[in-house]
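Counting in our numbering, the sequence shown tops out at residue 238, every number present.
Each hint should be verified, as a subset may be incorrect.
As the list claims (entries may be wrong) - Lysine to aspartate or glutamate pairs mimicking EDC-like chemistry, simulated, CA-CA at most 20 Å apart:
1) K101 x D234
2) K101 x E148
3) K101 x D37
4) K101 x E228
It should be emphasised that the hints constitute simulated quantities derived from the structure, not laboratory data. No experiment lies behind these values; they were computed from the predicted model shown.
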Amino acid sequence: MDAYPGRMPTLILVRHGRSTANTDGVLAGRLPGVALDERGRAQAAALPDRLAAVPLALAVSSPLQRCAQTLAPLLAARDGLEVHEDERIVECDYGDWSGRKLSELADEPLMQVVQQHPTAAAFPGGESMRQMQHRAAEAVREWNARVERDFGPHAAYVMCSHGDIIKSLVADALGLHLDLFQRISVEPCSVTAIRYTRLRPFLVRLGDTGDLSSLAPPAAPSEPEQSEATVGGDAGAP
(Lines of atoms letter the chains of each structure in order from A and count residues from 1; the text may use other names and numbers.)
(Lines give C-alpha, C1' and ligand atoms only; values in the text may rest on other atoms or scores of the structure.)
Protein backbone atom coordinates (compact mmCIF):
# COMPACT_ATOMS: atom_id res chain seq x y z
CA MET A 1 0.00 0.00 0.00
CA ASP A 2 1.30 3.46 -0.91
CA ALA A 3 2.34 5.38 2.21
CA TYR A 4 1.26 8.58 0.46
CA PRO A 5 -2.07 7.70 -1.16
CA GLY A 6 -2.77 11.31 -2.17
CA ARG A 7 0.52 11.80 -3.97
CA MET A 8 0.72 12.35 -7.75
CA PRO A 9 3.62 13.25 -10.08
CA THR A 10 5.63 16.44 -9.94
CA LEU A 11 5.60 18.56 -13.07
CA ILE A 12 8.76 20.53 -13.86
CA LEU A 13 7.89 23.30 -16.29
CA VAL A 14 10.76 24.84 -18.24
CA ARG A 15 10.24 27.91 -20.36
CA HIS A 16 12.38 27.75 -23.50
CA GLY A 17 15.67 29.65 -23.47
CA ARG A 18 15.92 33.20 -24.74
CA SER A 19 15.10 33.38 -28.44
CA THR A 20 15.94 35.74 -31.26
CA ALA A 21 12.35 36.98 -31.12
CA ASN A 22 12.72 37.81 -27.41
CA THR A 23 15.76 39.98 -28.06
CA ASP A 24 14.18 41.60 -31.13
CA GLY A 25 11.00 42.47 -29.22
CA VAL A 26 8.84 40.46 -31.61
CA LEU A 27 5.78 38.40 -30.70
CA ALA A 28 6.85 35.13 -32.31
CA GLY A 29 3.78 33.04 -31.61
CA ARG A 30 3.91 29.91 -33.73
CA LEU A 31 6.02 31.33 -36.55
CA PRO A 32 8.61 28.80 -37.79
CA GLY A 33 12.35 29.40 -37.65
CA VAL A 34 12.48 31.17 -34.28
CA ALA A 35 15.62 29.79 -32.64
CA LEU A 36 17.49 30.34 -29.39
CA ASP A 37 19.98 33.19 -29.42
CA GLU A 38 23.47 32.86 -27.97
CA ARG A 39 22.31 33.46 -24.41
CA GLY A 40 19.43 31.04 -24.90
CA ARG A 41 21.80 28.31 -26.05
CA ALA A 42 23.95 28.91 -22.96
CA GLN A 43 20.86 28.69 -20.76
CA ALA A 44 19.90 25.39 -22.38
CA ALA A 45 23.43 24.04 -21.94
CA ALA A 46 23.22 24.76 -18.19
CA LEU A 47 19.88 23.01 -17.75
CA PRO A 48 21.26 19.45 -17.27
CA ASP A 49 23.33 20.55 -14.27
CA ARG A 50 20.43 22.49 -12.78
CA LEU A 51 18.23 19.39 -12.92
CA ALA A 52 20.99 16.87 -12.14
CA ALA A 53 19.54 15.86 -8.78
CA VAL A 54 16.06 15.18 -10.17
CA PRO A 55 15.28 11.76 -11.68
CA LEU A 56 13.04 12.37 -14.69
CA ALA A 57 10.48 9.87 -15.94
CA LEU A 58 10.06 11.50 -19.34
CA ALA A 59 10.05 14.83 -21.16
CA VAL A 60 7.21 16.58 -22.96
CA SER A 61 7.84 19.40 -25.41
CA SER A 62 6.02 21.99 -27.42
CA PRO A 63 6.74 21.19 -31.08
CA LEU A 64 8.33 24.59 -31.74
CA GLN A 65 12.05 24.77 -32.50
CA ARG A 66 13.02 26.90 -29.51
CA CYS A 67 11.64 24.28 -27.10
CA ALA A 68 13.36 21.39 -28.90
CA GLN A 69 16.65 23.31 -28.74
CA THR A 70 16.18 23.97 -25.03
CA LEU A 71 15.66 20.30 -24.22
CA ALA A 72 18.42 18.98 -26.51
CA PRO A 73 21.29 19.25 -23.97
CA LEU A 74 19.15 17.63 -21.26
CA LEU A 75 18.24 14.73 -23.55
CA ALA A 76 21.89 14.29 -24.50
CA ALA A 77 22.87 14.14 -20.81
CA ARG A 78 20.08 11.70 -19.84
CA ASP A 79 20.60 8.57 -21.88
CA GLY A 80 17.26 6.96 -22.62
CA LEU A 81 15.08 9.89 -21.57
CA GLU A 82 12.14 9.88 -23.96
CA VAL A 83 10.67 13.12 -25.28
CA HIS A 84 7.08 13.44 -26.47
CA GLU A 85 5.79 16.37 -28.51
CA ASP A 86 2.38 17.68 -27.52
CA GLU A 87 0.55 20.27 -29.64
CA ARG A 88 -1.57 21.24 -26.63
CA ILE A 89 1.35 22.99 -24.94
CA VAL A 90 2.42 24.92 -28.03
CA GLU A 91 2.57 28.72 -27.85
CA CYS A 92 -0.69 30.65 -27.85
CA ASP A 93 -2.01 31.25 -31.37
CA TYR A 94 -1.68 35.01 -31.57
CA GLY A 95 -3.10 35.02 -35.10
CA ASP A 96 -2.60 38.32 -36.89
CA TRP A 97 -0.41 39.57 -34.05
CA SER A 98 2.26 36.96 -34.76
CA GLY A 99 5.52 38.40 -36.04
CA ARG A 100 4.68 41.97 -35.04
CA LYS A 101 6.78 44.19 -32.79
CA LEU A 102 5.56 44.32 -29.19
CA SER A 103 6.14 48.08 -29.24
CA GLU A 104 3.57 48.38 -32.06
CA LEU A 105 1.07 46.09 -30.37
CA ALA A 106 1.11 48.24 -27.23
CA ASP A 107 -1.21 50.72 -28.97
CA GLU A 108 -3.73 48.10 -30.08
CA PRO A 109 -7.07 48.42 -28.22
CA LEU A 110 -7.01 44.67 -27.58
CA MET A 111 -3.77 44.97 -25.60
CA GLN A 112 -5.57 46.57 -22.67
CA VAL A 113 -7.97 43.61 -22.64
CA VAL A 114 -5.04 41.18 -22.76
CA GLN A 115 -3.50 42.93 -19.78
CA GLN A 116 -6.57 43.58 -17.64
CA HIS A 117 -9.24 41.04 -18.68
CA PRO A 118 -7.52 38.16 -20.51
CA THR A 119 -10.56 35.89 -20.19
CA ALA A 120 -12.21 38.22 -22.74
CA ALA A 121 -9.16 38.36 -25.03
CA ALA A 122 -9.29 36.56 -28.38
CA PHE A 123 -6.57 37.24 -30.92
CA PRO A 124 -7.76 38.11 -34.46
CA GLY A 125 -7.19 35.08 -36.64
CA GLY A 126 -5.98 33.10 -33.61
CA GLU A 127 -7.34 31.69 -30.35
CA SER A 128 -8.62 33.07 -27.08
CA MET A 129 -6.56 33.03 -23.90
CA ARG A 130 -9.27 30.86 -22.32
CA GLN A 131 -8.75 28.26 -25.03
CA MET A 132 -4.99 28.42 -24.49
CA GLN A 133 -5.29 27.73 -20.76
CA HIS A 134 -7.89 24.99 -21.19
CA ARG A 135 -5.89 22.92 -23.69
CA ALA A 136 -2.67 23.24 -21.68
CA ALA A 137 -4.33 22.31 -18.38
CA GLU A 138 -6.01 19.30 -19.99
CA ALA A 139 -2.64 18.17 -21.36
CA VAL A 140 -1.06 18.37 -17.91
CA ARG A 141 -3.85 16.37 -16.31
CA GLU A 142 -3.51 13.65 -18.93
CA TRP A 143 0.30 13.55 -18.59
CA ASN A 144 -0.01 13.40 -14.80
CA ALA A 145 -2.23 10.33 -15.11
CA ARG A 146 0.09 8.69 -17.65
CA VAL A 147 3.23 9.32 -15.60
CA GLU A 148 1.57 8.06 -12.41
CA ARG A 149 0.39 4.92 -14.21
CA ASP A 150 3.74 4.13 -15.83
CA PHE A 151 6.25 5.43 -13.26
CA GLY A 152 4.39 5.76 -9.96
CA PRO A 153 3.06 8.65 -7.86
CA HIS A 154 6.49 9.91 -6.81
CA ALA A 155 7.77 10.43 -10.36
CA ALA A 156 8.80 13.77 -11.80
CA TYR A 157 8.71 14.77 -15.44
CA VAL A 158 9.79 17.84 -17.39
CA MET A 159 7.67 19.86 -19.79
CA CYS A 160 9.20 22.56 -22.01
CA SER A 161 6.75 25.21 -23.14
CA HIS A 162 6.19 28.97 -23.43
CA GLY A 163 5.71 31.95 -21.14
CA ASP A 164 1.96 32.46 -21.40
CA ILE A 165 1.31 28.71 -21.29
CA ILE A 166 3.35 28.29 -18.10
CA LYS A 167 1.77 31.34 -16.46
CA SER A 168 -1.69 29.98 -17.23
CA LEU A 169 -0.77 26.59 -15.73
CA VAL A 170 0.52 28.27 -12.57
CA ALA A 171 -2.75 30.20 -12.32
CA ASP A 172 -4.67 26.94 -12.75
CA ALA A 173 -2.63 25.25 -10.01
CA LEU A 174 -3.16 28.15 -7.61
CA GLY A 175 -6.89 28.40 -8.30
CA LEU A 176 -6.15 31.90 -9.59
CA HIS A 177 -8.56 33.47 -12.05
CA LEU A 178 -7.07 33.83 -15.53
CA ASP A 179 -7.70 37.58 -15.30
CA LEU A 180 -4.90 37.68 -12.71
CA PHE A 181 -2.33 35.56 -14.55
CA GLN A 182 -0.47 38.59 -15.90
CA ARG A 183 0.83 39.10 -12.35
CA ILE A 184 3.00 36.01 -12.81
CA SER A 185 6.44 36.24 -14.42
CA VAL A 186 8.62 33.41 -15.77
CA GLU A 187 11.95 34.26 -17.39
CA PRO A 188 13.54 32.33 -20.26
CA CYS A 189 14.79 28.88 -19.22
CA SER A 190 13.29 29.30 -15.77
CA VAL A 191 12.07 26.27 -13.84
CA THR A 192 8.61 26.17 -12.31
CA ALA A 193 7.58 23.06 -10.37
CA ILE A 194 4.10 21.95 -9.40
CA ARG A 195 3.58 18.92 -7.17
CA TYR A 196 0.13 17.47 -7.73
CA THR A 197 -1.95 15.58 -5.18
CA ARG A 198 -5.47 14.23 -5.39
CA LEU A 199 -6.89 17.17 -3.46
CA ARG A 200 -4.74 20.12 -4.53
CA PRO A 201 -1.57 21.08 -6.39
CA PHE A 202 1.35 22.71 -4.59
CA LEU A 203 3.47 25.32 -6.36
CA VAL A 204 6.97 24.50 -5.07
CA ARG A 205 9.09 26.58 -7.47
CA LEU A 206 8.21 29.59 -9.60
CA GLY A 207 10.41 31.04 -12.32
CA ASP A 208 13.65 29.73 -10.77
CA THR A 209 16.69 30.54 -12.94
CA GLY A 210 19.36 30.12 -10.27
CA ASP A 211 20.40 33.70 -11.05
CA LEU A 212 19.20 36.55 -8.85
CA SER A 213 20.91 39.33 -10.82
CA SER A 214 17.65 40.35 -12.49
CA LEU A 215 16.34 41.40 -9.04
CA ALA A 216 18.99 44.12 -8.70
CA PRO A 217 17.88 47.68 -9.48
CA PRO A 218 19.26 49.21 -12.67
CA ALA A 219 22.44 51.24 -12.27
CA ALA A 220 20.79 54.38 -13.66
CA PRO A 221 17.01 54.01 -13.79
CA SER A 222 15.80 56.48 -16.38
CA GLU A 223 12.55 54.94 -17.60
CA PRO A 224 9.24 54.68 -15.74
CA GLU A 225 8.50 51.37 -14.08
CA GLN A 226 6.97 48.85 -16.49
CA SER A 227 3.61 47.70 -15.14
CA GLU A 228 2.37 45.84 -18.23
CA ALA A 229 3.11 42.14 -18.75
CA THR A 230 5.01 41.17 -21.89
CA VAL A 231 2.72 39.10 -24.09
CA GLY A 232 4.41 35.75 -24.72
CA GLY A 233 6.96 36.37 -21.96
CA ASP A 234 9.81 38.80 -21.52
CA ALA A 235 13.46 38.37 -22.51
CA GLY A 236 14.69 38.03 -18.92
CA ALA A 237 17.82 39.58 -17.46
CA PRO A 238 20.09 41.37 -19.95
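Here is what the structure says about each hint:
no. : hint        : verdict
1   : K101 x D234 : holds, 13 Å
2   : K101 x E148 : violated, 42 Å
3   : K101 x D37  : holds, 18 Å
4   : K101 x E228 : holds, 15 Å
Checked against the numbered hints above, the structure violates only hint 2.
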